[in-house]
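This is what each chain is made of:
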Amino acid sequence: MALEFSPEALKQFEATVARYPKKEAAMLPVLYLAQKEFGHLGPEAIAYVARLMEQSPARVQGVVSFYTMYNVKPIGRHHIQVCRTLSCALGGAEKITALIKKQLGIEPGQTTADGRFTLSEVECLASCGTAPMMQVNDEYYEGLTEEKLTAILDSLK
Amino acid sequence: MDPVKITIDGKEVVTAKGKTVIQAAAEAGVAIPHYCYHSKLSIAGNCRMCLVEIEKMPKLQIACNTQVAEGMGVLTQSPKVLAVRKAVLEFLLINHPVDCPICDQAGECQLQNYYMEHNREASRFEVGKQHDRKKTIFGPNVIFDGERCIKCTRCVRFCQEITKTDELAVINRGDHSTIALFNDQVLDNPLSANVVDICPVGALTDRDFRFKVRVWYLQKTPSVCPGCSTGCNISVEAYQNRIARFKPRINEAVNSHWICDEGRYCFHELTGGERLTTPMIRQEGGLVPATWENALQAVLAGLRSAKAAAGILSGRSTNEETFLFAKLMKKLAPSSPLEVCYQERELSETQKVLMSPDRAPNFRGARDMGVGSNGGYESLLQKLLTGDFSAAYVVGEELIGANGAGERLRAALQKLSFLVVQDIRLSETAKLAHVVLPATHFGEKEGTYTNRKGRVQKLNAAVIAPESVLQDWQTFLRLLDLAGEKLSYSTPSQIFQALAGEVALYRGISYATIGDQGIQLGGGGVEQS
Amino acid sequence: MEKVLLRNIGVTDSHSLAVYQSRGGYQSWEKVVRNMKPAELIEEVKSSGLRGRGGAGFPTGMKWSFVPKDSPKPKYLVCNADESEPGTFKDRLLIEQDPHAIIEGTLIAAFAIQSHTAFIYIRGELVAGSKILERAVEEDCRAGYIGKNIFGSNYDLDVIVHRGAGAYICGEETALLSSLEGGRGWPKVKPPFPATHGLFGCPTVVNNVETLAALPWILERGAAAYAAMGTEKSKGTKLFSVSGHITRPGVYELEMGYPFKKFLEEDCGGVANGRKLKGVIPGGGSMPVLRPEELEKVNLDYESVQAAGSMLGSGGVIVMDDTTCMVRAASNIARFYAHESCGQCSPCREGCHWMEKIFHRIEHGEGQTGDLDLILNISGNIMGNTICPFGDAAAMPAAAFIRKFRDEFEAHIAEKRCTVSTQ
Numbered sequence: 001m002a003l004e005f006s007p008e009a010l011k012q013f014e015a016t017v018a019r020y021p022k023k024e025a026a027m028l029p030v031l032y033l034a035q036k037e038f039g040h041l042g043p044e045a046i047a048y049v050a051r052l053m054e055q056s057p058a059r060v061q062g063v064v065s066f067y068t069m070y071n072v073k074p075i076g077r078h079h080i081q082v083c084r085t086l087s088c089a090l091g092g093a094e095k096i097t098a099l100i101k102k103q104l105g106i107e108p109g110q111t112t113a114d115g116r117f118t119l120s121e122v123e124c125l126a127s128c129g130t131a132p133m134m135q136v137n138d139e140y141y142e143g144l145t146e147e148k149l150t151a152i153l154d155s156l157k
Numbered sequence: 001m002d003p004v005k006i007t008i009d010g011k012e013v014v015t016a017k018g019k020t021v022i023q024a025a026a027e028a029g030v031a032i033p034h035y036c037y038h039s040k041l042s043i044a045g046n047c048r049m050c051l052v053e054i055e056k057m058p059k060l061q062i063a064c065n066t067q068v069a070e071g072m073g074v075l076t077q078s079p080k081v082l083a084v085r086k087a088v089l090e091f092l093l094i095n096h097p098v099d100c101p102i103c104d105q106a107g108e109c110q111l112q113n114y115y116m117e118h119n120r121e122a123s124r125f126e127v128g129k130q131h132d133r134k135k136t137i138f139g140p141n142v143i144f145d146g147e148r149c150i151k152c153t154r155c156v157r158f159c160q161e162i163t164k165t166d167e168l169a170v171i172n173r174g175d176h177s178t179i180a181l182f183n184d185q186v187l188d189n190p191l192s193a194n195v196v197d198i199c200p201v202g203a204l205t206d207r208d209f210r211f212k213v214r215v216w217y218l219q220k221t222p223s224v225c226p227g228c229s230t231g232c233n234i235s236v237e238a239y240q241n242r243i244a245r246f247k248p249r250i251n252e253a254v255n256s257h258w259i260c261d262e263g264r265y266c267f268h269e270l271t272g273g274e275r276l277t278t279p280m281i282r283q284e285g286g287l288v289p290a291t292w293e294n295a296l297q298a299v300l301a302g303l304r305s306a307k308a309a310a311g312i313l314s315g316r317s318t319n320e321e322t323f324l325f326a327k328l329m330k331k332l333a334p335s336s337p338l339e340v341c342y343q344e345r346e347l348s349e350t351q352k353v354l355m356s357p358d359r360a361p362n363f364r365g366a367r368d369m370g371v372g373s374n375g376g377y378e379s380l381l382q383k384l385l386t387g388d389f390s391a392a393y394v395v396g397e398e399l400i401g402a403n404g405a406g407e408r409l410r411a412a413l414q415k416l417s418f419l420v421v422q423d424i425r426l427s428e429t430a431k432l433a434h435v436v437l438p439a440t441h442f443g444e445k446e447g448t449y450t451n452r453k454g455r456v457q458k459l460n461a462a463v464i465a466p467e468s469v470l471q472d473w474q475t476f477l478r479l480l481d482l483a484g485e486k487l488s489y490s491t492p493s494q495i496f497q498a499l500a501g502e503v504a505l506y507r508g509i510s511y512a513t514i515g516d517q518g519i520q521l522g523g524g525g526v527e528q529s
Numbered sequence: 001m002e003k004v005l006l007r008n009i010g011v012t013d014s015h016s017l018a019v020y021q022s023r024g025g026y027q028s029w030e031k032v033v034r035n036m037k038p039a040e041l042i043e044e045v046k047s048s049g050l051r052g053r054g055g056a057g058f059p060t061g062m063k064w065s066f067v068p069k070d071s072p073k074p075k076y077l078v079c080n081a082d083e084s085e086p087g088t089f090k091d092r093l094l095i096e097q098d099p100h101a102i103i104e105g106t107l108i109a110a111f112a113i114q115s116h117t118a119f120i121y122i123r124g125e126l127v128a129g130s131k132i133l134e135r136a137v138e139e140d141c142r143a144g145y146i147g148k149n150i151f152g153s154n155y156d157l158d159v160i161v162h163r164g165a166g167a168y169i170c171g172e173e174t175a176l177l178s179s180l181e182g183g184r185g186w187p188k189v190k191p192p193f194p195a196t197h198g199l200f201g202c203p204t205v206v207n208n209v210e211t212l213a214a215l216p217w218i219l220e221r222g223a224a225a226y227a228a229m230g231t232e233k234s235k236g237t238k239l240f241s242v243s244g245h246i247t248r249p250g251v252y253e254l255e256m257g258y259p260f261k262k263f264l265e266e267d268c269g270g271v272a273n274g275r276k277l278k279g280v281i282p283g284g285g286s287m288p289v290l291r292p293e294e295l296e297k298v299n300l301d302y303e304s305v306q307a308a309g310s311m312l313g314s315g316g317v318i319v320m321d322d323t324t325c326m327v328r329a330a331s332n333i334a335r336f337y338a339h340e341s342c343g344q345c346s347p348c349r350e351g352c353h354w355m356e357k358i359f360h361r362i363e364h365g366e367g368q369t370g371d372l373d374l375i376l377n378i379s380g381n382i383m384g385n386t387i388c389p390f391g392d393a394a395a396m397p398a399a400a401f402i403r404k405f406r407d408e409f410e411a412h413i414a415e416k417r418c419t420v421s422t423q
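Line order of the protein sequences matches chains U, Y and H.
Residue 10 in the working numbering sits at position 10 of the first sequence, and the numbers go up by one each step.
Residue 322 in the working numbering sits at position 322 of the second sequence, and the numbers go up by one each step.
Residue 162 in the working numbering sits at position 162 of the third sequence, and the numbers go up by one each step.
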């Protein structure tokens, strides 16, 4: 089944491309759009974007695989990204990760069986003053404690 | 050309504005080690192997991206430079697999070469090496080993900038970076195997040549590709008297650094199969071996008595051979039309980067020698089909192929009262002949081809023909002799001298002036069709 | 000290145009468009002594002046909002709470180089921030600050908010441009330089968020007022992001030249939980760590920190108390750089991961004598030999941790475990 943008997404695609002085500059936002539409950027999605952007799929694959925020495989509904860089490490990031591992039963890089959570350890999220912290999908959760963490995880269905 | 004076290692060098240090150095005979730099590709600057010291600049600079400036002082052998080369090599080697014993690149590997020249130290790397895909087929001609790859990106840039097919990309990041095709795509563009030539290490290797022979055993002979009339310059590399591979030779006037895949591997088809080693004459039971004396007499008799003969020469015949063939046929059957095999096909845009639409490397030379004309081959074939001829002399070409028209040709050839075929094997055409003469193939010939654009280039024999086989020019000379015209040429060079005297266009040219880069006829490159 | 950068922080709805305008916002922009020529604008910013606040500290006015004025190619101004340096979160504060200051600064900088298309390249993870910026840009379009014939002049300017997708290297200006061109975040070989050959080969200037956010104040109050603050070579004020084992983490604005020790002990409340200071990184994860005794004479300006053997960088101050295992800290930073290396050039691609692996081995009790000198040697082989400063950014901290805390590293190797009580 060939992947394609919905009419709304196609309109968004065209509007996005029109903003930039050259079509190729729209690659990153178009990939975000495709990721939103298709869930993740597997080979079909990449081939489709390549066609739309008039570039070789190999080149698009090179772009997708460079950046951490493009998912080449499906992930859980809630992507938990715990910052592990120095300030957060000093602030107890390891403990937070250990707690999440225990509560969800998964290792970093894995997704819960029910597809609810994916856990990742990521690098500095520019929130060092409120360490330890994590990003879940688009939201930042800062100054985490065990209680706060449990409440947040419970609230994420 | 704006001259610029610089010094390299203390010696004054006059170069030109716009050149980079690595170019100026190369032109002055100073080799600066490098991987990612290639004169035909954009600057990547990622290997860092060409770092040199520039006086008055605090940091080392990459020679491939530093423009020459008046008074610039370049040091390529200073302690800082030697130290950084060692360091860069060490970095490249820490994740490099010690595959040398099983790697085809050994003996022509820039990692090996520079290591021996600039490093030679034992490894200090004792933590686990990064692993990647090994023996991964990229395409029909190319196989990839990700662990050997040094990410110089020459292959990626080649596909972006030369073939413009963009199949290869660097994927992932950091030391997980690797070269990949997309999904199940294949690296099969018409020039794909050039990435093997430009890969400095054994990451991209040739599938056809894989594990065949160690490169230091190869005997290398400069020659010209017999694939088509572009006339790419090649090095024919042989082992134990068999051609193992072609490599392109640099000729900026013809093929630059490249050769197409079809040309690169054409030697298989053009030299393979069971060789004819003796002349044959048709008798009642079929073709039987004969002596040269008897066979040649039979040719003479057959052609002289023919009512209407035709001469068909392979596009792979040299100028020297063609010159003599024309003389011969004029003597034996003066009114016979002579044609060189020439057929065109459609080429894709990528093929057009290098290839010509024919498979006749010397069609133009042949026409210069008096064999063939525009559209002549097609009309001669037509006449053959309509039974206009009673005899034919076919040299070096299989007329009966796998296609339909071939079968009609078979019927036409069978109706000839006299057919002589000169070829390296007993082809389908040869099987119909009354006399069969063994011949040599391009790899055994010394002679010249004139390419589509009028450039005369030299072929050199890379392998030796079987003992009992004569060179085509020797066969023609003997026939001429038997026919009463004794010409005293004993080498192709002498034949060329003679043709240069008789064919106006070739006046003043000799093997010496042709050299290994060829010479342009009439001073201009006018393309013929 | 009068606040330049944090003057609107803490005010309710400071992110909205209405509040920003009520506090004098966009008056500088109007002054620039109506009354100034690009040349005099560049001179004014030069006189202010403003230096790039992303980490390199290059004089801003001078950077603008490198753009060829009579080039027929379009010129681009890019606001670098890709804040990813460990320990740094000052740009994020401005993005979320004073976006208009950033935008106004972006407009002013664009005018200086006569660019008609400005980009704000914001790291992909700051989703909330990008939405705030987009809304602010929309407000500006409606108000006529962005668009065609601004203030009735014939100057057009478009502003595009562009999200990155997760790569620290995109904070390096040429990598940012590669990314903005739609490609992998690969730094470009220099020369040529962005000022002449930047985005799509056109003259481009990339300025940090904090640098741009200072411009409205400078244009309002004058270059001399800005230059009156700070030291002789480090003018004005700077934001410092303070984190780690500190009582009052957060973003602070200080006049350049403020004493480092005083800042930590008084303004930030000293080391948290009454513990002792063991080490502090002054300018973000790529800068050499300083021992407490080294802080005595250090002031927070470019020259003073450099004289102490480190660099002011992004002003990301990471405080480490005496429970900190420096081997762990070094290993953490080494892993950061190995993860973020773009992989283009050989010393960084191979060297960063090599160092990471050695640090990891030491941390986990498998260190060998010779490992420390090996890391120092690798670090030296990377420094200065890479396409971009990332190599230096990875090499410097690795060497500094070992040099400043060698005893601890050697003990860790000898005992095959951490000899400091860790949290």
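Calculated from the structure, these hints are not laboratory results.
Predicted model, so just to flag it, every value in this text is computed and none were measured.
Please note that a few of the clues may not be correct.
[Said to hold, decoys possible] Computed list of lysine-lysine pairs in DSBU-like fashion (alpha-carbon distance at most 35 Å, straight line):
{"#": "1", "chain 1": "Y", "residue 1": "Lys-11", "chain 2": "Y", "residue 2": "Lys-129"}
{"#": "2", "chain 1": "U", "residue 1": "Lys-23", "chain 2": "Y", "residue 2": "Lys-352"}
{"#": "3", "chain 1": "Y", "residue 1": "Lys-59", "chain 2": "H", "residue 2": "Lys-233"}
{"#": "4", "chain 1": "H", "residue 1": "Lys-31", "chain 2": "U", "residue 2": "Lys-101"}
{"#": "5", "chain 1": "H", "residue 1": "Lys-233", "chain 2": "U", "residue 2": "Lys-23"}
{"#": "6", "chain 1": "Y", "residue 1": "Lys-17", "chain 2": "U", "residue 2": "Lys-22"}
{"#": "7", "chain 1": "Y", "residue 1": "Lys-59", "chain 2": "Y", "residue 2": "Lys-17"}
{"#": "8", "chain 1": "Y", "residue 1": "Lys-383", "chain 2": "Y", "residue 2": "Lys-307"}
{"#": "9", "chain 1": "Y", "residue 1": "Lys-352", "chain 2": "H", "residue 2": "Lys-73"}
{"#": "10", "chain 1": "H", "residue 1": "Lys-261", "chain 2": "H", "residue 2": "Lys-276"}
{"#": "11", "chain 1": "H", "residue 1": "Lys-416", "chain 2": "Y", "residue 2": "Lys-19"}
{"#": "12", "chain 1": "U", "residue 1": "Lys-22", "chain 2": "Y", "residue 2": "Lys-164"}
{"#": "13", "chain 1": "H", "residue 1": "Lys-416", "chain 2": "Y", "residue 2": "Lys-86"}
{"#": "14", "chain 1": "Y", "residue 1": "Lys-19", "chain 2": "Y", "residue 2": "Lys-40"}
{"#": "15", "chain 1": "H", "residue 1": "Lys-276", "chain 2": "U", "residue 2": "Lys-11"}
{"#": "16", "chain 1": "H", "residue 1": "Lys-233", "chain 2": "U", "residue 2": "Lys-101"}
{"#": "17", "chain 1": "U", "residue 1": "Lys-95", "chain 2": "H", "residue 2": "Lys-31"}
{"#": "18", "chain 1": "Y", "residue 1": "Lys-164", "chain 2": "H", "residue 2": "Lys-190"}
{"#": "19", "chain 1": "U", "residue 1": "Lys-95", "chain 2": "H", "residue 2": "Lys-131"}
{"#": "20", "chain 1": "U", "residue 1": "Lys-22", "chain 2": "H", "residue 2": "Lys-73"}
{"#": "21", "chain 1": "Y", "residue 1": "Lys-129", "chain 2": "Y", "residue 2": "Lys-80"}
{"#": "22", "chain 1": "U", "residue 1": "Lys-95", "chain 2": "H", "residue 2": "Lys-416"}
{"#": "23", "chain 1": "Y", "residue 1": "Lys-307", "chain 2": "Y", "residue 2": "Lys-129"}
{"#": "24", "chain 1": "U", "residue 1": "Lys-73", "chain 2": "Y", "residue 2": "Lys-135"}
{"#": "25", "chain 1": "H", "residue 1": "Lys-190", "chain 2": "U", "residue 2": "Lys-22"}
{"#": "26", "chain 1": "H", "residue 1": "Lys-190", "chain 2": "Y", "residue 2": "Lys-5"}
{"#": "27", "chain 1": "H", "residue 1": "Lys-190", "chain 2": "Y", "residue 2": "Lys-19"}
{"#": "28", "chain 1": "H", "residue 1": "Lys-131", "chain 2": "H", "residue 2": "Lys-276"}
{"#": "29", "chain 1": "H", "residue 1": "Lys-131", "chain 2": "U", "residue 2": "Lys-22"}
{"#": "30", "chain 1": "Y", "residue 1": "Lys-129", "chain 2": "H", "residue 2": "Lys-357"}
{"#": "31", "chain 1": "Y", "residue 1": "Lys-212", "chain 2": "Y", "residue 2": "Lys-135"}
[Unchecked claim] Residues on chain U that point at chain Y, a partial pick, calculated with CB under 10 Å:
{"#": "32", "residue": "Pro-57"}
{"#": "33", "residue": "Gly-62"}
{"#": "34", "residue": "Phe-66"}
{"#": "35", "residue": "Tyr-67"}
{"#": "36", "residue": "Met-69"}
All C-beta atoms in this analysis are idealised placements derived from N, C-alpha and C, irrespective of residue type, glycine included.
Hints, one by one, checked against the model:
Only pairs whose Cα atoms come within 35 Å are accepted, and Y:Lys-11 paired with Y:Lys-129 is rejected, the gap being roughly 43 Å. As the CA atoms of U:Lys-23 and Y:Lys-352 are separated by approximately 29 Å, the hinted pair is consistent with the 35 Å bound. For a cut-off of 35 Å, the pair hint linking Y:Lys-59 to H:Lys-233 stands: about 24 Å separates their Cα positions. For the hint pairing H:Lys-31 with U:Lys-101, the CA-to-CA distance comes to about 56 Å; that exceeds 35 Å, so the pair is violated.
For the given pair, H:Lys-233 sits about 43 Å from U:Lys-23 by alpha-carbon distance, which is inconsistent with the 35 Å threshold. Restraint check for Y:Lys-17 and U:Lys-22: satisfied, since their Cα atoms lie roughly 33 Å apart, inside the 35 Å limit. A hinted pair counts as satisfied when its Cα atoms are at most 35 Å apart, and Y:Lys-59 with Y:Lys-17 qualifies at roughly 23 Å. Restraint check for Y:Lys-383 and Y:Lys-307: the C-alpha separation of about 14 Å stays at or below 35 Å, so the hint holds.
The suggested pairing of Y:Lys-352 with H:Lys-73 holds, with an alpha-carbon distance near 34 Å, which does not exceed 35 Å. Our distance criterion of 35 Å between C-alpha atoms is met by H:Lys-261 and H:Lys-276, whose separation comes to about 13 Å. Annotation: proposed proximity of H:Lys-416 to Y:Lys-19 is violated, straight-line Cα distance about 55 Å (limit 35 Å). Our distance criterion of 35 Å between C-alpha atoms is met by U:Lys-22 and Y:Lys-164, whose separation comes to about 20 Å.
For a cut-off of 35 Å, the pair hint linking H:Lys-416 to Y:Lys-86 stands: about 32 Å separates their Cα positions. Taking the CA atoms of Y:Lys-19 and Y:Lys-40, the gap is near 14 Å; set against the 35 Å cutoff, the hint holds. Restraint check: the Cα-Cα separation between H:Lys-276 and U:Lys-11 comes to about 59 Å, which exceeds 35 Å; the hinted pair is violated. With a CA separation close to 50 Å, the supplied pair H:Lys-233 and U:Lys-101 exceeds the 35 Å bound.
Straight-line distance between C-alpha atoms of U:Lys-95 and H:Lys-31 comes to about 53 Å, which puts the hinted pair past the 35 Å bound. Pair hint Y:Lys-164 plus H:Lys-190 holds up; C-alpha atoms about 25 Å apart against a cutoff of 35 Å. Between U:Lys-95 and H:Lys-131, the direct Cα distance comes to roughly 32 Å. Compliance with the 35 Å bound is thereby established for this hinted pair. At most 35 Å may separate the alpha-carbon atoms for a hinted pair to count; U:Lys-22 and H:Lys-73 meet this at roughly 14 Å.
Distance check on the hinted pair: Y:Lys-129 and Y:Lys-80 sit about 28 Å apart at the alpha-carbon level, within 35 Å; holds. Taking the CA atoms of U:Lys-95 and H:Lys-416, the gap is about 23 Å. The hint holds against a cut of 35 Å. A distance of roughly 78 Å separates the Cα atoms of Y:Lys-307 and Y:Lys-129; the hinted pair therefore is violated under the 35 Å criterion. Among the hinted pairs, U:Lys-73 with Y:Lys-135 is consistent with the structure: their alpha-carbon atoms are about 25 Å apart, no more than 35 Å.
Between H:Lys-190 and U:Lys-22 the CA atoms are separated by roughly 23 Å; this keeps the pair inside 35 Å, and the hint holds. Under the criterion of a C-alpha separation no larger than 35 Å, the hint pairing H:Lys-190 with Y:Lys-5 is consistent with the structure, at around 23 Å. Taken as a hint, the H:Lys-190 and Y:Lys-19 pair is honoured in the structure, with Cα atoms around 16 Å apart against an allowance of 35 Å. The straight-line distance between the Cα atoms of H:Lys-131 and H:Lys-276 is roughly 41 Å, outside the 35 Å bound, and the hint therefore fails.
With a CA separation close to 23 Å, the supplied pair H:Lys-131 and U:Lys-22 stays within the 35 Å bound. Under the criterion of a C-alpha separation no larger than 35 Å, the hint pairing Y:Lys-129 with H:Lys-357 is consistent with the structure, at around 10 Å. Proposed proximity of Y:Lys-212 and Y:Lys-135 is supported: the alpha carbons are some 16 Å apart, at most 35 Å. Interface hint status for U:Pro-57: upheld, as the beta-carbon distance to the closest one in chain Y is roughly 4 Å, under 10 Å.
Because the smallest distance between the Cβ of U:Gly-62 and any Cβ of chain Y comes to about 4 Å, under 10 Å, the interface hint for this residue holds. A hinted interface residue such as U:Phe-66 counts as satisfied when its beta carbon comes closer than 10 Å to some beta carbon of chain Y; here the least separation is about 5 Å, so the hint holds. With a cut of 10 Å, the hint placing U:Tyr-67 at the interface with chain Y holds, because the nearest CB-to-CB distance is about 8 Å. The beta carbon of U:Met-69 comes no nearer than 13 Å to any beta carbon in chain Y, farther than 10 Å, and the hint placing it at the interface is violated.
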